[in-house]
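Engineer: Using the sequences and the accompanying hints, generate a full structural model.
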Amino acid sequence: MSTRLEKPIFEYSVPGRGAEDQWPRDPGPAATDDLPATLRRSTRPLLPEVSELEAVRHFTRLSQLNFSIDTHFYPLGSCTMKYNPKACNSFAMLPEFLARHPLSPESVGQGFLACLYELQEMLKAVTGMQAVALSPMAGAQGEFAGVAMIRAYHRARGDLERNEIIVPEAAHGTNPATATMCGCVVREVPVNAEGDVDLEALKTVVGPKTAGIMLTNPSTLGVFERRIEEVARTVHAAGGLLYYDGANLNAILGKVRPGDMGFDVIHVNLHKTFSTPHGGGGPGAGPVGVSARLAPFLPVPIVGRRGEQYCWLTERDLPQSIGRLSGFMGNAGVLLRAYVYMRLLGREGMARVSEYATLNANYLLAQLTRAGFDAAYPSRRASHELIITLKRQAKELGVTAMDFAKRLLDHGMHAPTTYFPLLVPECLLIEPTETESKAALDAFVAAMAEILAEAAQEPERLTSAPHTMPVRRLDDVRAAKQLDLTWKPTVAHAIPTTA
Amino acid sequence: MSNVPSDLKYTKTHEWLRTLPDGTVEVGITDHAQHALGDLVFVEVPEAGRTLAAGEPFAVVESVKAASDVYSPIAGEVIAGNPALAAEPEAINSDAYGKGWLMRLRPAAAAAPQLLAPKDYEKLVVEEGS
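Residue numbers (this note's numbering), protein chains in the order written: chain U, 1 to 499; chain Y, 1001 to 1130.
Quick caveat, the hints were computed from the structure, so don't treat them as lab data.
You may find that some hints are simply not true.
Claimed, not checked - Straight line, CA to CA, 25 Å or less: simulated DMTMM-like cross-link-like pairs of lysine to aspartate or glutamate:
#, chain 1, residue 1, chain 2, residue 2
1, Y, K1099, Y, E1026
2, U, K481, Y, E1044
3, U, K481, Y, E1088
4, Y, K1065, U, E396
5, U, K395, Y, E1088
6, Y, K1065, Y, E1044
7, U, K395, Y, E1044
8, Y, K1065, U, D476
9, U, K438, U, E169
10, U, K255, U, E348
11, U, K395, Y, E1090
12, Y, K1012, U, E194
13, Y, K1065, U, E169
14, U, K481, Y, E1090
15, Y, K1065, Y, E1088
16, U, K391, Y, E1026
17, Y, K1123, U, E194
18, Y, K1123, U, E460
19, U, K395, U, D476
20, U, K481, Y, D1069
21, Y, K1065, Y, E1077
22, Y, K1065, U, D484
23, Y, K1065, U, D374
24, U, K86, U, E460
25, Y, K1065, U, E355
26, Y, K1065, U, E188
27, Y, K1012, U, E188
28, U, K481, Y, E1127
29, Y, K1099, Y, D1069
30, U, K203, Y, D1069
As the list claims (entries may be wrong) - Derived DEER-like restraints, expressed as beta-carbon distance ranges:
#, chain 1, residue 1, chain 2, residue 2, range
31, Y, A1109, U, T463, 29 to 39 Å
32, Y, E1088, U, T369, 36 to 46 Å
33, Y, A1067, U, V185, 52 to 62 Å
34, U, R370, Y, A1066, 29 to 39 Å
35, Y, P1005, U, T463, 25 to 35 Å
Ideal Cβ positions, reconstructed from N, Cα and C, are used throughout, including at glycine.
Structural biologist: In structure tokens:
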């Protein structure tokens, strides 16, 4: 990784320089004839003027500033930043997939449809649900689809009063946001000291207005919700449905199925659990799986099978569908990567994912505890991620979780998630994933131990970290308040033209 | 040690409440709460006229670490949200009990709030290990 900051490409610009053979061919003045004169520009756009080599160097240097899973240990809790096998990408990039037009007839896309159909079947098997739709284009859209289906279900039964969604205080922030987006009222339930949902509190919140509950299991606290069946019974008895946020699926893959726990609807973050490079908002996919009673409401299109032929199921086949969430079938590339990844793993491989993900997390928890760190839930086994709290260090040494996170960057490691979940003060949420070796985990523990020793002797090395990155400690407050990131070329670069 | 003025009432969820001479009340978040949140960058206050139940979220405070709901300590009708906070959210960091007030409220007639006395709130903050 480069440690030198790259300046904006405009600052390399020299008037008149360029790479003319890369320019689009001049279409001639007639090309704009049908545009009204008021909409035609009279000046050239303000573009940087650099040579081809300068452009190549600029963007190559920018790419070298990345922290990425291909270059660094990346234990960003709750994000499942695991290695994505290159094979998944290669197969998804086959020219026959890339060049396929989304409006091409079913008869010429049978291979593609077969992949999606089998992906639906595999997701059903791995989640224990009865039907799956692949079209939601991200986790948030999957959540939206899930709660929209819950609402549609109650409405179809004439049960119009049910507009409350229960969310445990340990939930992902997206859960209450989704409920609000779907027009529901959010009711929060607390968790107890061991990280389980407070059942007594839950019993006082459920009632004739309960539409459903949104849960992650294992929860955001990095522990398995042990009384999940009782939670399910309580919510079902009150007439509500259970929504499973698939964010932490990596912990239970091939071991426990949300459908068997009593959940009615689930979204799966394919980009996390099933092999798509993510982070920075890249394309995702959030398929939804449902129990039989929600199947009529699934978003369309879904891939169906008539005899030996695969086909699209649309509004005509599912008249009660909540509708379409994407122009076509969702993010095809992400779906294909997930399909290849699942086929590569097979049923046995799927269980190995969660076995190693939880083994790695529990190994880190044991080693970090031995190195002098405090587990947030010391009586609990970790799931695929673990939480340590630096509350004691903050009090005794005056260094915060953020200082540890920044100092880790100097050790060539991406920081864990900081200050999330909000319930745990000064916390680091650490998710090593199954793809890291013992050596990588040991190196992380060694770095943390070294930083802890440094915190006692030379705390300012932490509070002023990072020291080796292209940018030092950022001013978070200013960054949040001044959102204007426009870089304005100087007047010298503006070349008026009469063309 | 956190600053807990002796003339206010408090909640377990770290709001403070001041009764004004005319019987209306002023509500904000405590010094302990602002310290735990860190530098605030955005605050959303309620509109006048809104009716609140006790424990209902009425404002959102967002820091570089987190966004949190603020809960109304008592039932009542909003007289005003603090208009200055949109441009100057950091007033809550610098003056949580003064310029950082979030709303003024006319308590509902039947309001019988269960609030904490200063010494009880102090105890809570110590237990949470500030």
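Engineer: Hint by hint, note whether the structure agrees.
Structural biologist: Now for the hints, and whether the structure bears them out:
{"no.": "1", "hint": "Y:K1099 / Y:E1026", "result": "11 Å, holds"}
{"no.": "2", "hint": "U:K481 / Y:E1044", "result": "14 Å, holds"}
{"no.": "3", "hint": "U:K481 / Y:E1088", "result": "10 Å, holds"}
{"no.": "4", "hint": "Y:K1065 / U:E396", "result": "21 Å, holds"}
{"no.": "5", "hint": "U:K395 / Y:E1088", "result": "29 Å, violated"}
{"no.": "6", "hint": "Y:K1065 / Y:E1044", "result": "16 Å, holds"}
{"no.": "7", "hint": "U:K395 / Y:E1044", "result": "31 Å, violated"}
{"no.": "8", "hint": "Y:K1065 / U:D476", "result": "9 Å, holds"}
{"no.": "9", "hint": "U:K438 / U:E169", "result": "34 Å, violated"}
{"no.": "10", "hint": "U:K255 / U:E348", "result": "10 Å, holds"}
{"no.": "11", "hint": "U:K395 / Y:E1090", "result": "24 Å, holds"}
{"no.": "12", "hint": "Y:K1012 / U:E194", "result": "20 Å, holds"}
{"no.": "13", "hint": "Y:K1065 / U:E169", "result": "17 Å, holds"}
{"no.": "14", "hint": "U:K481 / Y:E1090", "result": "11 Å, holds"}
{"no.": "15", "hint": "Y:K1065 / Y:E1088", "result": "18 Å, holds"}
{"no.": "16", "hint": "U:K391 / Y:E1026", "result": "32 Å, violated"}
{"no.": "17", "hint": "Y:K1123 / U:E194", "result": "23 Å, holds"}
{"no.": "18", "hint": "Y:K1123 / U:E460", "result": "32 Å, violated"}
{"no.": "19", "hint": "U:K395 / U:D476", "result": "22 Å, holds"}
{"no.": "20", "hint": "U:K481 / Y:D1069", "result": "20 Å, holds"}
{"no.": "21", "hint": "Y:K1065 / Y:E1077", "result": "31 Å, violated"}
{"no.": "22", "hint": "Y:K1065 / U:D484", "result": "21 Å, holds"}
{"no.": "23", "hint": "Y:K1065 / U:D374", "result": "21 Å, holds"}
{"no.": "24", "hint": "U:K86 / U:E460", "result": "41 Å, violated"}
{"no.": "25", "hint": "Y:K1065 / U:E355", "result": "32 Å, violated"}
{"no.": "26", "hint": "Y:K1065 / U:E188", "result": "21 Å, holds"}
{"no.": "27", "hint": "Y:K1012 / U:E188", "result": "16 Å, holds"}
{"no.": "28", "hint": "U:K481 / Y:E1127", "result": "34 Å, violated"}
{"no.": "29", "hint": "Y:K1099 / Y:D1069", "result": "19 Å, holds"}
{"no.": "30", "hint": "U:K203 / Y:D1069", "result": "23 Å, holds"}
{"no.": "31", "hint": "Y:A1109 / U:T463: 29 to 39 Å", "result": "52 Å, violated"}
{"no.": "32", "hint": "Y:E1088 / U:T369: 36 to 46 Å", "result": "43 Å, holds"}
{"no.": "33", "hint": "Y:A1067 / U:V185: 52 to 62 Å", "result": "18 Å, violated"}
{"no.": "34", "hint": "U:R370 / Y:A1066: 29 to 39 Å", "result": "30 Å, holds"}
{"no.": "35", "hint": "Y:P1005 / U:T463: 25 to 35 Å", "result": "30 Å, holds"}
The earlier numbered hints that this structure contradicts are 5, 7, 9, 16, 18, 21, 24, 25, 28, 31 and 33.
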